[in-house]
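> Just so you know, the sequence shown maps onto residues 68 to 320 in the working numbering.
Quick caveat, the hints were computed from the structure, so don't treat them as lab data.
Treat the hints with care, since some could be wrong.
[What the hints assert, rightly or not] Straight line, CA to CA, 20 Å or less: simulated PhoX-like cross-link-like pairs of lysine-lysine:
id, residue 1, residue 2
1, Lys211, Lys249
2, Lys211, Lys235
3, Lys115, Lys154
4, Lys249, Lys208
[Claimed, not checked] Per label pair, the in silico range of CB-to-CB distance:
id, residue 1, residue 2, range
5, Asn87, Asp203, 48 to 58 Å
6, Ile170, Glu260, 19 to 29 Å
7, Gly247, Lys155, 45 to 55 Å
8, Gly247, Ile162, 35 to 45 Å
9, Ser119, Lys154, 16 to 26 Å
10, Ser106, Lys158, 29 to 39 Å
11, Thr264, Asn101, 40 to 50 Å
12, Asp203, Thr276, 23 to 33 Å
13, Glu225, Glu114, 50 to 60 Å
The C-beta atom is built at its ideal place from N, Cα and C for all residues, glycine as well.
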Amino acid sequence: QELRKWMIGKKDEDYCTYRNKPIYISEGRRNVFNKVITSKKLYGWEEKLQNSNNETEFHLRNMFPVIDSKGEVEMVIGYGVNINERKKNEKQIRINEKRYRDIFNYSLAMICTHDKNGIILSVNPSICESMGYSRDEMLGKSLKQFVPRQFGEYEQKEYLHILWADGKRSGVIPAVHKNGKKIFLLFQNYLVEETGTESYVICFAQDITDRIHAEKELQIEISKSKEISRAKEDFLANMSHEIRTPMNGILGV
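From just these sequences and the hints, can you work out the full model?
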């Protein structure tokens, strides 16, 4: 109450001197005041201050011109709000966002997002490296541009239809590297729905091309082994027959 009475008729410069605050505070406010007088418009800014406990505080300041009937500034209304909590929340949000970006960017998994039509919205470095494309070459493109031609329009529609109905989709899908080589991806995709924003799909995948080729080679070896086994059985059966027939004749004699 006493401070309020004292401030009547004083300037910011007087207040800063009285409260032993840095002079740059009053100089900054004076510059804003002059801008408001000249532009006749509201002006807002943030002030970083030190309180009596030497703690940093953030204040949102505004100066609002009151215009008279002649269009001139009659007075300026100034007010401020302590926004420490907001600044803390903003800082925490930035920290969280950076952590999520780091997970996205440094993950060994191939990660991307696409919209309801299969248009790619974002990609991480891992998927770019595995596919051979740059980020700009993939963003805004349709999924079907990165799969073999036989995986056409119908398959993509079926994939999107099931995904939107069930909220998730997983499996193995062929893809085409920029150099034309076919690769195989094991994927697990999820539909993300948030109030007030358009739904999208987040995709996680890993390259299992080597595993697919190894399995194919194993199947070939198994098939060869079965053929050899059948050949052995046929040979033994024939030899048994060839030996048994004359032996039966000898035994008959």
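> It remains to establish, for every hint, whether it holds in the given structure.
Hints, one by one, checked against the model:
{"no.": "1", "hint": "Lys211 / Lys249", "result": "holds, 14 Å"}
{"no.": "2", "hint": "Lys211 / Lys235", "result": "holds, 19 Å"}
{"no.": "3", "hint": "Lys115 / Lys154", "result": "holds, 11 Å"}
{"no.": "4", "hint": "Lys249 / Lys208", "result": "holds, 19 Å"}
{"no.": "5", "hint": "Asn87 / Asp203: 48 to 58 Å", "result": "holds, 55 Å"}
{"no.": "6", "hint": "Ile170 / Glu260: 19 to 29 Å", "result": "holds, 21 Å"}
{"no.": "7", "hint": "Gly247 / Lys155: 45 to 55 Å", "result": "holds, 52 Å"}
{"no.": "8", "hint": "Gly247 / Ile162: 35 to 45 Å", "result": "holds, 43 Å"}
{"no.": "9", "hint": "Ser119 / Lys154: 16 to 26 Å", "result": "holds, 19 Å"}
{"no.": "10", "hint": "Ser106 / Lys158: 29 to 39 Å", "result": "holds, 32 Å"}
{"no.": "11", "hint": "Thr264 / Asn101: 40 to 50 Å", "result": "holds, 42 Å"}
{"no.": "12", "hint": "Asp203 / Thr276: 23 to 33 Å", "result": "holds, 25 Å"}
{"no.": "13", "hint": "Glu225 / Glu114: 50 to 60 Å", "result": "holds, 58 Å"}
The structure agrees with every numbered hint stated previously.
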